[in-house]
Amino acid sequence: MSKRSKGNILLVDDDLAFRVGTLALLEDHGFSALVATNGEEAKRELADKDFDLVLSDLVMPGINGIELLKHIRDTYPGLTVIMVTGFASIGTAVEAMRLGARDYVTKPCDNDELLIKIERALDERQKDRELKELREELHGAVSVGDMISNSPAMKHVFEQIRQVADTDVTVLIQGESGTGKELVARALHFNSRRKMNPFVAVNCSAIPESLLESELFGYEKGAFTGAVRQRTGKFEEATTGTLFLDEIGDTPGSVQTKLLRVLQEKTIERIGGEGSIAVETRVVAATNRNLEVMMVQGDFREDLYYRLNIFPITLPPLRERLEDIPILAEHFLKRHAGLGNGNVRFIAPNVISAMVSYHWRGNIRELENLIKRAIIKTTGDTITSIELPTHEASTPVPTESDGPVDLTTPYKNYLSTIVRHAEESYLVRMLQLHKGNINQIAKLMDIDRKTIYRKMAEYNIDPASFRN
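In my numbering, the protein residues as written are 159 to 626.
Hints were generated in silico from the structure; no laboratory data involved.
Accuracy of the hints is not assured; some may be wrong.
[What the hints assert, rightly or not] Derived DSS-like pairs (lysine-lysine); straight-line CA-CA distance at most 25 angstroms: (1) K313 - K164; (2) K492 - K424; (3) K492 - K285; (4) K593 - K608; (5) K313 - K608; (6) K530 - K285; (7) K164 - K353; (8) K285 - K228; (9) K353 - K379; (10) K416 - K265; (11) K601 - K613; (12) K265 - K285; (13) K207 - K164; (14) K201 - K164; (15) K353 - K228; (16) K593 - K313; (17) K285 - K353; (18) K228 - K207.
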């Protein structure tokens, strides 16, 4: 059986040696590739076949790389392009990115760098495809980027994204782990004028302190033992685009100082370098920690905090947006249907009800993982049980249906009714158990009192009737 291709690439270059070497590299790493020796030949291949990515030389006789890029942008607007150029033409390559190229590499190419950029570009293309499909399937919900919701709290977040996306303002995204902070960062980028330029994400907590500085700012050849060649840092990779600094609260003090300087002066210095390099990079940061408390404790620079916190966006935890559980569950069911060979297409109402009653410490990430696990374990077309940790579930998770289903009711409407019923029942049980003590209930449910009062008004519940 032949191995499945990682992507179909059109390689366009008039240099025979580069074509032969790069074609072998791509095929050795699982890609399908065709070659064209010039822009005219490339246009014929594009008209005849489907490609996931075009890797094109910038300087060619006849139709050059810029002209080919414009043709692709106008004729195949969803097709990803990476430009190849010599050092003397880097300025033109940057111009190509403004015209719609995803990225560029310089000759002679570093094979590892080329493969990383190709794989990253193809990953982004696949995410864009999935997003388009999901938007069409879930058109009833409000969506921004790869996020969907019916909750007022998230609709407020979406409005904030729309307000600030097409500016160059630094944004600080705050929220618990698993609430979707990177999705917000991507939505900010792909709804801005920078959307055709790089989006580069760095998890500051996942990189050792000794390596984080070189990862962000790069280094010169010979800057330290093992620096055998010059390396570009993430700030330079993301220039003209967006740099997402996840878990910014985990950065050491020395890196915080350099980040502050970059935000103030819009320049970076590579380790071992002698001059400053201008970077036109938008910064979006995220944290699940309380940076204000860290400032008081001396663990986070106050001046950096105020540079980052120009436009704060706070994501609510899933337990404060229970009305989103049905549509999120369906979203993940469709996304991961392949885990069950496409056979699993429904979620039983009793399962939705149990999920609404669960305290989601892991937030949306936990929900997605549980849906994936349920798909794998389901033998029919309907998920009838789900493995919620029993020590946190407020109600047992039944494996049988709660009652007859009205098959004339649209599926999404039926799920919405089930959620409202489960939410009302859950709130009544809490009021009964704690004798209408709103402060105590809010603390136990880990939501604010205003949300409880809003829900009681929505379900016409009088808390006084439980105080005896």
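If any of the earlier hints don't hold here, list their numbers in rising order. 1, 2, 9, 10, 12, 16
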